[in-house]
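2 protein chains.
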Amino acid sequence: MDKEKIDKKDHILDVAERVFSEKGFDGASTRLISGEAGVNMAMLNYYFGSKEGLFLAIFERKISSFQDILQNLGNDDSIGAWNKMEKYIEMYGEKVVNNNCFQKLLYQEMSMNRSTDLSYKLRDMLMKSITELDKILREGIANGEFKKDIDIPMVIAALYGTKNYIINTPMMSSPLLGYDINDDNMIETRLKPQIKSFMKNLLKSYLHN
Amino acid sequence: MDKEKIDKKDHILDVAERVFSEKGFDGASTRLISGEAGVNMAMLNYYFGSKEGLFLAIFERKISSFQDILQNLGNDDSIGAWNKMEKYIEMYGEKVVNNNCFQKLLYQEMSMNRSTDLSYKLRDMLMKSITELDKILREGIANGEFKKDIDIPMVIAALYGTKNYIINTPMMSSPLLGYDINDDNMIETRLKPQIKSFMKNLLKSYLHN
DNA sequence: TTATATCAATCAATCGTTTGATTAAGTTTG
DNA sequence: CAAACTTAATCAAACGATTGATTGATATAA
Chain A
1 MDKEKIDKKD
11 HILDVAERVF
21 SEKGFDGAST
31 RLISGEAGVN
41 MAMLNYYFGS
51 KEGLFLAIFE
61 RKISSFQDIL
71 QNLGNDDSIG
81 AWNKMEKYIE
91 MYGEKVVNNN
101 CFQKLLYQEM
111 SMNRSTDLSY
121 KLRDMLMKSI
131 TELDKILREG
141 IANGEFKKDI
151 DIPMVIAALY
161 GTKNYIINTP
171 MMSSPLLGYD
181 INDDNMIETR
191 LKPQIKSFMK
201 NLLKSYLHN
Chain B
1 MDKEKIDKKD
11 HILDVAERVF
21 SEKGFDGAST
31 RLISGEAGVN
41 MAMLNYYFGS
51 KEGLFLAIFE
61 RKISSFQDIL
71 QNLGNDDSIG
81 AWNKMEKYIE
91 MYGEKVVNNN
101 CFQKLLYQEM
111 SMNRSTDLSY
121 KLRDMLMKSI
131 TELDKILREG
141 IANGEFKKDI
151 DIPMVIAALY
161 GTKNYIINTP
171 MMSSPLLGYD
181 INDDNMIETR
191 LKPQIKSFMK
201 NLLKSYLHN
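Here the protein sequences line up with chains A and B, keeping their order.
Start counting the first sequence at 1; every next residue gets the next number (the working numbering).
Start counting the second sequence at 1; every next residue gets the next number (the working numbering).
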């Protein structure tokens, strides 16, 4: 029954991820989480030790899948920097729809500005993607593809910030964009292409000579 | 003693604004807030009725000062759309440093995606600024200053999202930018000029023909 | 039997809130 | 002026409710 156990733990983590992202860590009670997951309250402590242990487990589960996704993109010499940027934006835009709850939760935790092991681990994880993007931008400057005076940190902030703004504040972005951001179908058919297209156009005109 | 009473209420609101922005609504206990403010716990209920009343009072106080700041900018026919954009970015960038805690709190509340009176009121408040920006962009398209195929909602999202990303996740943006985002002096001397300059350059190249 | 899984019941701690007493400050009255 | 009254401000203490966590009993499966 090892399979079922893992499935049940995974189910709890799925539910907890959603509830935490909706209510925040303090706002989500263990009773609510266990209730929504359809398990006894004591199961949370049985499986994860504590509420914080459950919270950490949500991130532990995802961190591995976030590794090496954007890896070895900056080390490829066969394509130009702008091509790499486009690939980065493509892959990045693809991850927008998936892991919606987790992205929200991740950003929420980073906003707390806590000096915890989790925060540092998440920062390091995110920094890996950012470093890759930084590498691409530097390469583009070095080989003359991009202007010399572009503001690399701000480009990165614009890319990540724009996405976060849209998915974290659907109450603003939905009327702004004209469709429901909470609708998975809309995200797939409209938001993803729109973000990708806009980011490419926006950065193309800014970066290029 | 009306003066002193207002000052004390204002002091409590200042402290509560900071504590709420740091810990979130549920994470900030009334004991902590009253303790940090140096007042008896019962004073919070005496002045504001309840914890939620205190929370609301924080926004009520600021909402008025957010009105008409970006007003009648879009109705001025004497200057071009791009000039208006620059003015908007200037004013907007200026508000970055001020109301740092409040901006964080505001974004936090909007991220909760709650269907409360407060959320709707805040949305309407923010929409006023956005509508003004929208008007400027449409005007620029209409008079040929800007390209016809610019993505207006995404431009708005990029402008607001970039700022939010930087001030809400100092743990990321500080190492990224190379200076401490939590330092008020650094915000004034470096961040504000950098955001303004970048946003102008970024949008100029994207919007213009 | 042994080990794991699940449950209702309960724990101490903390939460937001209320209370009743006390102080401070004005206002009225004699 | 001063004594009496009124109102607002402040406080320590306690309230009931909810929190995260634990217990010991029970069920299940190897």
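Since the hints were derived computationally from the structure, they do not count as laboratory data.
This structure is a prediction, so every number in the text was calculated from the model and none was measured.
The reader is advised that the hints may include incorrect statements.
One copy or any two copies: either way a pair holds, since identical chains are not told apart in the list.
Straight line, CA to CA, 27 Å or less: simulated DSS-like cross-link-like pairs of lysine-lysine [said to hold, decoys possible]:
{"no.": "1", "residue 1": "148", "residue 2": "192"}
{"no.": "2", "residue 1": "51", "residue 2": "135"}
{"no.": "3", "residue 1": "200", "residue 2": "8"}
{"no.": "4", "residue 1": "147", "residue 2": "23"}
{"no.": "5", "residue 1": "121", "residue 2": "135"}
{"no.": "6", "residue 1": "8", "residue 2": "147"}
{"no.": "7", "residue 1": "204", "residue 2": "87"}
{"no.": "8", "residue 1": "8", "residue 2": "196"}
{"no.": "9", "residue 1": "147", "residue 2": "128"}
{"no.": "10", "residue 1": "200", "residue 2": "135"}
{"no.": "11", "residue 1": "135", "residue 2": "204"}
{"no.": "12", "residue 1": "51", "residue 2": "192"}
{"no.": "13", "residue 1": "148", "residue 2": "23"}
{"no.": "14", "residue 1": "200", "residue 2": "121"}
{"no.": "15", "residue 1": "8", "residue 2": "87"}
{"no.": "16", "residue 1": "147", "residue 2": "200"}
{"no.": "17", "residue 1": "128", "residue 2": "8"}
{"no.": "18", "residue 1": "87", "residue 2": "23"}
The hints, checked one at a time:
When the C-alpha separation of residue 148 and residue 192 is checked against a cutoff of 27 Å, the pair qualifies only between copies, where the shortest distance is 22 Å, while the shortest distance within a copy is 30 Å. Taking identical chains as interchangeable, the C-alpha atoms of residue 51 and residue 135 are never at most 27 Å apart, the minima being 38 Å within one chain and 48 Å between chains. Neither within a single protomer nor between protomers do residue 200 and residue 8 lie at most 27 Å apart by alpha-carbon distance, with minima of 41 Å and 51 Å respectively. With identical chains, the CA atoms of residue 147 and residue 23 are never at most 27 Å apart, being 44 Å at best within one copy and 41 Å at best between copies.
Taking the shortest Cα distances, residue 121 and residue 135 sit within 27 Å of each other inside one copy (21 Å), while across copies they are farther apart (43 Å). When the C-alpha separation of residue 8 and residue 147 is checked against a cutoff of 27 Å, the pair qualifies neither within a copy, at 52 Å, nor between copies, at 53 Å. Taking the shortest alpha-carbon separations for residue 204 and residue 87, both the intra-copy value of 13 Å and the inter-copy value of 24 Å come in at or below 27 Å. For a Cα distance limit of 27 Å, the shortest separation of residue 8 from residue 196 qualifies neither inside one copy, at 36 Å, nor across copies, at 50 Å.
In this assembly of identical chains, residue 147 and residue 128 lie within 27 Å of each other by CA distance solely inside one copy; the values are 24 Å within and 36 Å between copies. Taking CA atoms no more than 27 Å apart as the test, residue 200 paired with residue 135 passes in both settings, with 18 Å inside one copy and 24 Å between copies. For the identical chains of this complex, residue 135 and residue 204 are neighbours both inside a copy (17 Å) and across copies (25 Å), given an alpha-carbon limit of 27 Å. Taking the shortest Cα distances, residue 51 and residue 192 never come within 27 Å of each other, neither inside one copy (34 Å) nor across copies (40 Å).
When the C-alpha separation of residue 148 and residue 23 is checked against a cutoff of 27 Å, the pair qualifies neither within a copy, at 44 Å, nor between copies, at 41 Å. In this assembly of identical chains, residue 200 and residue 121 lie within 27 Å of each other by CA distance neither inside one copy nor across copies; the values are 30 Å within and 34 Å between. When the C-alpha separation of residue 8 and residue 87 is checked against a cutoff of 27 Å, the pair qualifies neither within a copy, at 36 Å, nor between copies, at 55 Å. For a Cα distance limit of 27 Å, the shortest separation of residue 147 from residue 200 qualifies both inside one copy, at 16 Å, and across copies, at 16 Å.
With identical chains, the CA atoms of residue 128 and residue 8 are never at most 27 Å apart, being 31 Å at best within one copy and 46 Å at best between copies. Taking the closest pair of Cα atoms, residue 87 and residue 23 never come within 27 Å of each other, the shortest separation being 34 Å inside a single copy and 37 Å across copies.
The earlier numbered hints that this structure contradicts are 2, 3, 4, 6, 8, 12, 13, 14, 15, 17 and 18.
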